[in-house]
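Chain A is fixed; fit chain B onto it per the hints.
From first to last, the protein sequence lines stand for chains A and B. Position 273 (the first sequence) corresponds to 327 in the working numbering; numbering is contiguous. Position 209 (the second sequence) corresponds to 1058 in the working numbering; numbering is contiguous.
Hints are computed from structural coordinates only; laboratory data are not their basis. A couple of the hints might just be wrong.
[Said to hold, decoys possible] Below, simulated SDA-like cross-link-like pairs (lysine to any residue); rule was C-alpha separation at most 25 angstroms, straight line:
1. A:K334 with B:E1117
2. A:K429 with B:K947
3. A:K334 with B:W1114
4. A:K432 with B:L997
5. A:K551 with A:V533
6. A:K334 with B:Q1118
7. A:K334 with B:E1096
8. A:K432 with B:E1078
9. B:K947 with B:F1206
10. A:K432 with B:H1127
11. A:K334 with B:F1206
12. A:K429 with A:E457
13. A:K334 with B:R1098
14. B:K953 with A:P453
15. A:K429 with B:D1121
16. A:K432 with B:F1134
17. A:K432 with B:R1113
18. B:K953 with A:S450
19. A:K429 with B:W1114
20. A:K429 with B:R1101
21. A:K432 with B:K953
22. A:K432 with B:D1121
23. A:K432 with B:Q1118
24. A:K429 with B:H1127
25. B:K1164 with A:S443
26. B:K1251 with B:E1229
27. A:K429 with B:R1113
28. A:K432 with B:K1251
29. A:K432 with B:E1110
30. A:K334 with B:V1123
31. A:K429 with B:L1119
32. A:K432 with B:P1120
33. A:K432 with B:R1101
34. A:K334 with B:E1097
35. B:K947 with B:K1251
36. A:K334 with B:E1110
37. A:K429 with B:E1229
38. A:K432 with B:W1114
39. A:K429 with B:V1123
40. A:K334 with B:Q1107
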Amino acid sequence: MTGRTRIRVRWRASAELTGDVLAYLTVPLAFPLLVALYYRESPVPFLAAIAVALALGAGFRSLRDPDADLGPREAFLAVASIWFLVAAVGAIPFVVAGTGVLSNPVNAMFESMSGLTTTGATVLVDFGVHPRGVMMWRQVLQWLGGLGILILATAVLSEIGVGGAQLMESETQTRDVSKLTPKISQTARLIWSLYVGLTILAAATYFALGLAVDPQMDLYNAVAHAFTSVSTAGFSPEPLSIGAFHPAIQWAVIPFMVVGSTSFVLLYFAINGEPMRLLKNDEFHFYLGSMGVFAAIVALVLGLDPGTPFGPEATVRHAVFNVVSMVTTTGYASADFELWAPGAKHLLFMGMFLGGMVGSTTCSIKSLRWMVALKAFKRDLYTSIHPESVRPVRNSGAPIDEETIRDIYAYILLSVVIFFFFTVFVVVDAERGDARVTEFEAMGAAASTFLNIGPAFGDAGPYGTYASFPLSTRAVMIVLMWIGRIEIIPVLVLFTKSFWTS
Amino acid sequence: MHVVIIGAGEVGTSTAASLASDHDVVVIDCDADRTEDLKYQYDVLTITGDGTDSSVQERADVAGADMLIACTDDDRTNLVACGTAKTFGDPFTIARVKSTSYLKTWERDETAFGVDFLVCTDLLTAENIVRVIGLPAAVDVDPFAGDLVQMAEFEIGAESPVADQTVAEADRFESLTFVGIFRDGEVEIPRGDTRICPGDRAVVVGSPESVQAFANDIAPDTTPNDADEIVIVGGSEIGYQTARILEERGLRSRLIEQDGERARWLAEQLPDTVVMEHDATDTEFLSREHVDEADIVVTALDSDERNLLAAVLAKRLGVDRVVSVVDSADYVTVFEEIGIDVAINPRTVTAEEIIRFTFESVAENIAVLENDRAEVLELELDEGCALVGRPIRELVEEIDAKFVIGAIVRDGEHVTPRGDTVLRPGDHVIVLVETAFTSELASMA
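In isolation and in its complexed conformation, chain A is listed as follows (with noise of 0.2 angstroms):
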């Protein structure tokens, strides 16, 4: 006996999976690279990130032991650094271009962890100087990982095979990733080709839609678009958001988030000629009925409101935007939600906790959890006058195990609390910092990192920037959209002892 604690992670098992997915980084880097040489700007912050992703990779790949299996601890710490890794490389493009706010190595790694746990919460404060290639490399970092990097991750590397199962559900934390083929490489596959095709199709929506109706909607924007819309993610290069196009163009990003916020394994059944299970999905109605009564609310609100200067159908059409954006987590603006009435900003702010379905492209709370605690609360309540009654909560006809509905309450009470917590800390750290941050504003803040939403009010409203909180707010902030982007749980457990050594 030594006395030393062994360390009980086969870590260098989780140092490969790491390197092989900085490595494969460099081929989504190289889709910028042709955007910067097409409009001739400097392809040197692409090349440069690809070196350093290239470096990287070869160097976690050194430390592999193939006797080393990835097992569900292995699975934490990959989801965990692999996150935080392909963030810190994607900011690289950012400081070395040195543009604007961006030149700040804490505002390059804000953006890029914002863009990559498709949060869209910005810092930058003038759009216009920076390049074009450097801008699609943020739409690009939020088509990545909208889906989930590991997803993507199982589908292109082969080796994964039986620990895709276990990287999926420990990036999503969802007990049972319905696998749609025996082989789960597979299921990643049909998973990620349905993302792509409904990529392609947004873009092509967009596109011909630009061509019809408002120039401004070019090829380019088109494809940045496309890239945030279904990945939920809510980047635009246009300092207005979809509030820069026309109408027309509104509407068709609607649909785009309400499909990227529905569980992708039934919208692949609803595709192949099975709709019901996808229509008759309790979580579906819950997901669209909540969605729903809120867009009512807010309509009704701002089609009260005498200060609000919108027609009939903008009025409709903004209460419909902004909170399909806030619920499916985009974090897109149709207008400027800040100047809204109180009542209609509060309640797309309680709008950012529900989240779409669980096993899409949405962050948040979800709202599977939500209706399993709703349920399980109603259960509750029969069950204190019939003490003896057995009645178990159902999803969709089939039963929901104790153990679960107790994860679920634990989620959400942890979400809650931490949430709780980053509100104090940015109230406090603003004043200390000499910023001016209402409790509101800190709320909403909070909320709308952690939760991967993006724009928040105040300074942080949908046309501002993140840039005017303190540094050390935005560092944390960075943290807050890692943790928030996994699931909490990968985080959390690295930081306990067992995990490391019993």
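Chain B only, in chain A's frame:
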């Protein structure tokens, strides 16, 4: 007929008893005491040995047997025994099982396990319970085509809502057919304009759900409906199947099961049943949950003692009708003597079904009505038989006999016959026919 029976328990013994007088019966059991007893009780040959063993089956001359009935208490023994028998020749094999999952497998392919007819004890008992509690107003109820179709005969009282209505007015249910009306000892084939008079007996054929709904329509006071409270005590397989069939018929019940894990499982399987986890002999609990106000209590616990206690308690609390499962046939009379309304013994039910089948497998499934004035038959249609390929309307005009097709079972699904329905080979048709024309019609199938 040469019949081999494997298993000399209650089911095997009573089956042997009813067949022994007319047929050559061989009984196999591994318990020497049982075979010894049986040998002196009935005129049968007994063999002591393992019924799944091919050498034992050879000694019983399974190769030359017409029928093999495997009815031990063990499901797998019965299935293996039938499979073994099929290696000798082609006796008609009947197996008794408890598990409904084997029944499901067998229903997917009716040659599975080498079994030609599968009797599922627990399901059969549950169906029996549901018939007893579900249709107290019926004079006669018989299942056809594996309980996919029911025939029921009702007496129409003067106060019945359908009295003095025409058949067209009374027939409000999609999958129900009026097949006959008995009046003054004569059978009448109903047409749409036939008037139903008080004192008539109406025979209907249809899905069990529609028969239940019809019973509720004509005898609302005695037939259980949504408003009636049915409590099942004990979540045994029989209790579970009873609750499940009641759910299918649109009747909600409450099921009381003491074991936590079993209760959870039951609650997961039965979305429309309220499952409660508690000891059903706790009177404080029973009155708190108002079990005393229940209209029907079914006790389906695992032991007779506990069933008796629960049933007596329910009666004392003032429940109208108490139905009890009694595992030992000897106690059935005891239960009924102390005031339990109906006592059902699963083994008796199973033996009756097997005996009924051994008699009827030759002459198809039959229900005889009103002192043999009419019969309800189940016919399986062969390729190229006279009834196949023509709309029913043409058949009725052409065949000079009083008959009505009440239901068709096609690929395991219930089909309601209409004038333009065309019969196909493989269809099971449930038909009412005047007794005089029975053999004529049967020869056409």
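Okay, the hints, checked on the actual structure:
1. A:K334 with B:E1117: Cα-Cα ~19 angstroms, so holds.
2. A:K429 with B:K947: Judged against 25 angstroms, a Cα distance of about 36 angstroms means the pair is violated.
3. A:K334 with B:W1114: Status holds; Cα separation ~24 angstroms.
4. A:K432 with B:L997: violated, 37 angstroms
5. A:K551 with A:V533: holds, 20 angstroms
6. A:K334 with B:Q1118: holds, 19 angstroms
7. A:K334 with B:E1096: holds, 21 angstroms
8. A:K432 with B:E1078: Satisfied, since the Cα-Cα distance of roughly 24 angstroms is no more than 25 angstroms.
9. B:K947 with B:F1206: With a Cα-Cα distance of about 18 angstroms, the restraint between B:K947 and B:F1206 holds, given a limit of 25 angstroms.
10. A:K432 with B:H1127: holds, 22 angstroms
11. A:K334 with B:F1206: violated, 43 angstroms
12. A:K429 with A:E457: holds, 15 angstroms
13. A:K334 with B:R1098: holds, 23 angstroms
14. B:K953 with A:P453: holds, 22 angstroms
15. A:K429 with B:D1121: holds, 16 angstroms
16. A:K432 with B:F1134: Satisfied, since the Cα-Cα distance of roughly 23 angstroms is no more than 25 angstroms.
17. A:K432 with B:R1113: holds, 18 angstroms
18. B:K953 with A:S450: holds, 24 angstroms
19. A:K429 with B:W1114: holds, 19 angstroms
20. A:K429 with B:R1101: Within the cut-off at roughly 21 angstroms; holds.
21. A:K432 with B:K953: Answer violated: A:K432 to B:K953 is near 35 angstroms, above 25 angstroms.
22. A:K432 with B:D1121: Holds, because 16 angstroms separates the two Cα atoms, which is no more than 25 angstroms.
23. A:K432 with B:Q1118: With Cα atoms ~20 angstroms apart, A:K432 and B:Q1118 stay inside 25 angstroms; holds.
24. A:K429 with B:H1127: holds, 24 angstroms
25. B:K1164 with A:S443: holds, 23 angstroms
26. B:K1251 with B:E1229: holds, 19 angstroms
27. A:K429 with B:R1113: holds, 17 angstroms
28. A:K432 with B:K1251: violated, 58 angstroms
29. A:K432 with B:E1110: Holds: A:K432 and B:E1110 sit about 22 angstroms apart, inside 25 angstroms.
30. A:K334 with B:V1123: With Cα atoms ~24 angstroms apart, A:K334 and B:V1123 stay inside 25 angstroms; holds.
31. A:K429 with B:L1119: holds, 17 angstroms
32. A:K432 with B:P1120: Distance ~15 angstroms between A:K432 and B:P1120 Cα, so the pair holds.
33. A:K432 with B:R1101: holds, 20 angstroms
34. A:K334 with B:E1097: holds, 21 angstroms
35. B:K947 with B:K1251: Violated, at about 41 angstroms.
36. A:K334 with B:E1110: violated, 29 angstroms
37. A:K429 with B:E1229: violated, 49 angstroms
38. A:K432 with B:W1114: Holds. A:K432 to B:W1114 sits at ~20 angstroms (cutoff 25 angstroms).
39. A:K429 with B:V1123: holds, 16 angstroms
40. A:K334 with B:Q1107: Status violated; Cα separation ~34 angstroms.
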